[in-house]
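Participant: Protein chains in written order, with the working numbering: chain A, 344 to 990; chain B, 344 to 990.
For the record, the hints were derived by calculation from the structure and aren't laboratory data.
Heads up, a few of these hints could be off.
Since the list gives no way to pick out one identical chain from another, each pair is judged satisfied if it fits inside one copy or across any two copies.
What the hints assert, rightly or not - Result set (DSS-like, lysine-lysine): computed pairs, CA atoms no more than 30 Å apart in a straight line:
1. K373 - K501
2. K744 - K909
3. K874 - K952
4. K577 - K391
5. K577 - K471
6. K644 - K952
7. K564 - K526
8. K631 - K952
9. K391 - K943
10. K926 - K874
11. K874 - K794
12. K391 - K777
13. K794 - K373
14. K799 - K909
15. K644 - K744
16. K500 - K526
17. K952 - K809
18. K573 - K744
19. K952 - K909
Letter by letter, the chains look like this.
Number of protein chains: 2
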Amino acid sequence: MKTNIVTPALRNIKIEDPLFAHYTDMIAEKLLPYQWEVLNDRLPEVEKSYCVRNFRIAAGELEGERLGAVFCDTDAYKWLETLAFCLESGRGREFEATADELIELIGRAQEEDGYLNTYFSVCHPERKWRNLTEGHELYCAGHLVEAAVAYFGATGKKRLLDIAVRFSDLICRIFGQGEGQIKGYAGHQEIELALIKLSRVTGNKAYAEKARYFLDIRGQKPNYLVEELKRTGKDRIFPEFADYDALYAQSYLLPVSQTTAEGHAVRAMYMYSAMADVAREFGDNEMKNACRRLWQNVTEKRMYITGGIGSSGHLERFTADYDLPNDRMYCESCASVGLMMFGQRMAALSGDARYYDIVEKALCNTVLAGISAEGDRYFYVNPLELWPDNCLAGTSMAHVKSVRQSWFGVACCPSNIARTLASLGQYIYAQDEKSVYINQLISSSLETVIKDARVKLRLGSALMDKNRFSLSIEADRPQSFTIRIRIPEYLENPVFVLEGREIAPVIENGYAVVAVSHAGTQTLEVTGRIKPRWMAANTNVRADLGRLALMYGPYVYCLEETDNGKLLSNVFVSADTAVSVGKAVDALPGDLPSLSFEGKRLESGLGDKLYGEPAFSFSSQQFSAVPYALWCNREPGEMLVWLKATV
Amino acid sequence: MKTNIVTPALRNIKIEDPLFAHYTDMIAEKLLPYQWEVLNDRLPEVEKSYCVRNFRIAAGELEGERLGAVFCDTDAYKWLETLAFCLESGRGREFEATADELIELIGRAQEEDGYLNTYFSVCHPERKWRNLTEGHELYCAGHLVEAAVAYFGATGKKRLLDIAVRFSDLICRIFGQGEGQIKGYAGHQEIELALIKLSRVTGNKAYAEKARYFLDIRGQKPNYLVEELKRTGKDRIFPEFADYDALYAQSYLLPVSQTTAEGHAVRAMYMYSAMADVAREFGDNEMKNACRRLWQNVTEKRMYITGGIGSSGHLERFTADYDLPNDRMYCESCASVGLMMFGQRMAALSGDARYYDIVEKALCNTVLAGISAEGDRYFYVNPLELWPDNCLAGTSMAHVKSVRQSWFGVACCPSNIARTLASLGQYIYAQDEKSVYINQLISSSLETVIKDARVKLRLGSALMDKNRFSLSIEADRPQSFTIRIRIPEYLENPVFVLEGREIAPVIENGYAVVAVSHAGTQTLEVTGRIKPRWMAANTNVRADLGRLALMYGPYVYCLEETDNGKLLSNVFVSADTAVSVGKAVDALPGDLPSLSFEGKRLESGLGDKLYGEPAFSFSSQQFSAVPYALWCNREPGEMLVWLKATV
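Extracted from the complex, chain A is given alone in its bound form (with noise of 0.2 Å):
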């Protein structure tokens, strides 16, 4: 099956939830000018960003060093396309002419032939294209695009999209099969997603080509990744690539041909995306089944119940089917984000609700819980379990940051979190010639046109609080077409009820197909029932293995020490302890519910022995637990995800 699915322009869509809405007002209001003020470094608490200052110096502007990392030139195209989105939103004009401002620096920062990287024009220009490895020129460019794109379809401007065309265009021709071209690919994708949008939005097919290009060349043999950097010598970058190979970057096999989802999990969801753009760009069934493949070892082998990917503590890679340790791994925020893409992609490609359950986890749990409610702190990394005594410096949990940070050297999440948090509506709906999609139950409105019928909807979500939703749908004229509404696993015994009549729903690919043929305004009301649910994991999850996960909707729920005291890796429950939907904590954004139960704390009976025979003992001591997604968004402490079980 073809699908021609789309989703619709932010500016037809408006985002009405108590805790969505939180968190988009919170980025047009305040994250936008903290992370301006982060990109000029004018903080003084916080660490440096570099990025509006080396365009500076790029552009000859400024004399003095580049600095930051390799490259942080996407802080500066993240905090666009963030802008964009939020300017498609309505919100965030008064950053208008500062970003316009930003865009002119960056197109006097790109060189006479398109090029456009501060840290090869400034520091390594004899360096450019020899260390795609670790250089991120290719990656910088992709985010260069999306920003164009984004801003474009923003704005109508095409300033920084003829910037980002000129730089595409320079890297057509450098890079490809053809004599004198490198044969070469990204160290980090990211390239091959921005040319399909680039080749969307331009008609210019040349771009999804080269995307293309760029994913059939890569894993080939001698692997270019590899032995460039043997060449690179003593001009490497990052010192941790010591112990690089051919799985870090999903080199080590032909995209179409890998089976499970190794290496850096942010590459590689960058890289799964592409796939999935490039199998429906292309029709490429092999591709398809590739995508379904890895998205298959992902979700259901190698996914936190958090949506968090990337089980090492080093490198935030992929490590084994089942490795899901909980306190060590990196969790990084971006992979998130990037399984967020992966599913929209494979939902569109495929007409499948299912591929939105992820998407939902991973936005509803890690991406949200990777920023603060004020949205001026950040976790790159999201343990299911902190216990922040040993998140040590100079110790293999130095990665592990036991509050959100200001900022990063590696400052990927924070802009990467903004820019999905403002594009969310696209993962709310989407439509084709004759379906609106629904894909997430947030409480939200869309306009659009489908057939000649303009179209409003507007879903009304009390799910958390009385388990049901209302959709409202006006059509300005008789025309048929079908809401699709994805029915989560979670809501249970669903009944549909249209203009106070009970309805059955067709339900195909697990999306509640909904017939409107004539014009006006109706109303559907769905209630079902949705239950705090204790969650275990597969028993080959040695991690989790006798141990239970407090759920309620989409949300993992966890104790944090402000709630519960510490040491709470001595909690127990059962399966069947029961549990009370609470009151929503007043600190926390949204009306979601805290849940409340009754556990017992074990005591190894050995005072201050550190071994020894053990005279356990129980104390009951009631407990609550509030969504994961909001943590650490009070007094910081220890968090718990996965508490031990009485079996």
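Guided by the hints, dock chain B onto chain A, whose structure is given.
Facilitator: Frame of chain A, contents of chain B only:
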């Protein structure tokens, strides 16, 4: 109380215990020739040592690049020290000529002024003493001295001692508080305890004074090592020192002021050992108190049940109190060797047997586990829980090897375990003017002189199979002295029968004190009860809470996949699970029994699903546990010490 406790010469001790004699015989017969081949790079499949080759190059007898770790001269020194202990025990004579040749080569590699280090002599003569943080010159010097003292003690030959003295004299001139002297100290402690040994064997107190200097100047501000590393700039040796801190080499505070075990565990143990030596040598009570505090912190809050130490999976270092993860830590073999050294010195300093509880724990578990039964394979990292599938290159588990290795790029452990086991007798017996101390109940014999009597002791232990041991005491003339026998806490209700009559010896500092006054042979029979015990950890040990480890005597037992199948993490027992003492496994050395019990396997009941509502179920299974000391001597696979408990 000032003690004069010393260890008797190995020539007067004979190990007869079937397990330990296996190792001491194996070291003399198999390990010495194996490691000699490795040191000469003659084994094709084994990681190169470059050790002997480097001395040839330094001596000007071979052209070529000096290769291998900066400190790999110590491979030769520790091999010589191991051989010396074998020679003193009456074995390894066939290597003496080889050793003498090696010593001559070392002598030829020594510079005119006494300097001796192949790395700096050959590669960077201009950087001598300028990178104490990374350069390991003083560390190498210390191992040279230890080897020289041992070789002199075993053979009476002075050549190596002269070399060591010349180098030590240079060090004494170079370092100090005087004008023109370097006010630095070792980046890796070892020289301090070595200089104490040299002082004792030469009678030259200046070496002990210099050892004290190295401890007294350490930790003064500004931090010598941290400042030096800044100056080192581009000449740095170790990329992993990017996050070097003052804790790492215990230079953050004056040693005498330190209260918690911090930084690299081996460095810490070597320093604490030297502190105990200095405390005793100079009657320094403040230093003694610091040693006690550090011992307490290590053994009561930061030590695994196996006597392993170093909880970080990065930089082999200590982390926080009660932070004892079972799969990702280091527990470096050398660190447990160092813990034995520290414990031995604390016992000598205090006359307290309790220190030997920990020495026994480290010896009977981690140190033995560090070496294969055949002596040619070694663990550097000693996890308490191994799942081979997730010990993947390029991940945060890459340091954990699922099978012992033939050699290492950083090859400290193989020769360190060897020299420790070769000198085992010194951990069994000690004596002062009026007592012989029996610190380990390991079958063996000792001939010594106490006051003017020639005394022969023969300890015959059948503790593990018959729960008893006997001691025959033979004195050639009437003389009054005491035998002090450490009674380990796992030997319950010991009954002492001397010459057929039950006695009730005083228990003093953990020793049963048996007075001897007449000539001839007496036999002491001690019977008690040793039972397999399910042990728990302190409630604060998050990694072990709700888990049980099985011990029998001093031995921690583990489950191996070869006996019990895969997925050991789903095995549950309870604190009252009955354990049967079974036969020893034929393929394993010694005759330690296996232990068997009926446990249960937990299933989550999710089928192929990764997460879902559980349908927990148990199935019973008979399990067989073997001593952790002997794991991975058969078919490799999963291994587990801490089993989950049904509580």
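Participant: Are the hints correct? Go through all of them and say.
Facilitator: Here is what the structure says about each hint:
Only within a single protomer do K373 and K501 lie at most 30 Å apart by alpha-carbon distance; the minimum there is 27 Å, versus 76 Å between protomers. Taking the closest pair of Cα atoms, K744 and K909 come within 30 Å of each other only inside a single copy of the chain (17 Å); across copies the shortest separation is 34 Å, beyond that limit. For the identical chains of this complex, K874 and K952 are inter-copy neighbours only, at 20 Å across copies versus 42 Å inside a copy, given an alpha-carbon limit of 30 Å. Proximity of K577 to K391 under the C-alpha cut-off of 30 Å is found in both arrangements, the shortest distances being 26 Å within a copy and 24 Å between copies.
For a Cα distance limit of 30 Å, the shortest separation of K577 from K471 qualifies both inside one copy, at 16 Å, and across copies, at 24 Å. In this homomeric assembly, K644 and K952 come within 30 Å of each other (Cα to Cα) only across copies, at 9 Å, whereas the closest approach inside a single copy is 39 Å. Within a single copy, K564 and K526 get their C-alpha atoms as close as 12 Å, which meets the 30 Å cut-off; across copies the closest is 55 Å, which misses it. For a Cα distance limit of 30 Å, the shortest separation of K631 from K952 across copies, 23 Å, qualifies, whereas the shortest one inside one copy, 58 Å, does not.
Taking CA atoms no more than 30 Å apart as the test, K391 paired with K943 passes in neither setting, with 46 Å inside one copy and 54 Å between copies. In this assembly of identical chains, K926 and K874 lie within 30 Å of each other by CA distance solely inside one copy; the values are 15 Å within and 53 Å between copies. Proximity of K874 and K794 under a CA criterion of 30 Å is satisfied in neither setting, with 39 Å inside one chain copy and 81 Å between copies. In this homomeric assembly, K391 and K777 never come within 30 Å of each other (Cα to Cα): the closest approach is 49 Å inside a single copy and 69 Å across copies.
Proximity of K794 and K373 under a CA criterion of 30 Å is satisfied in neither setting, with 39 Å inside one chain copy and 84 Å between copies. Taking the shortest alpha-carbon separations for K799 and K909, neither the intra-copy value of 50 Å nor the inter-copy value of 57 Å comes in at or below 30 Å. For the identical chains of this complex, K644 and K744 are neighbours both inside a copy (26 Å) and across copies (23 Å), given an alpha-carbon limit of 30 Å. Taking the closest pair of Cα atoms, K500 and K526 never come within 30 Å of each other, the shortest separation being 34 Å inside a single copy and 66 Å across copies.
For the identical chains of this complex, K952 and K809 are inter-copy neighbours only, at 29 Å across copies versus 50 Å inside a copy, given an alpha-carbon limit of 30 Å. For the identical chains of this complex, K573 and K744 are inter-copy neighbours only, at 26 Å across copies versus 33 Å inside a copy, given an alpha-carbon limit of 30 Å. Proximity of K952 to K909 under the C-alpha cut-off of 30 Å is restricted to the intra-copy arrangement: shortest distance 19 Å within a copy versus 32 Å between copies.
The structure fails to meet hints 9, 11, 12, 13, 14 and 16 from the earlier list, while all remaining hints are met.
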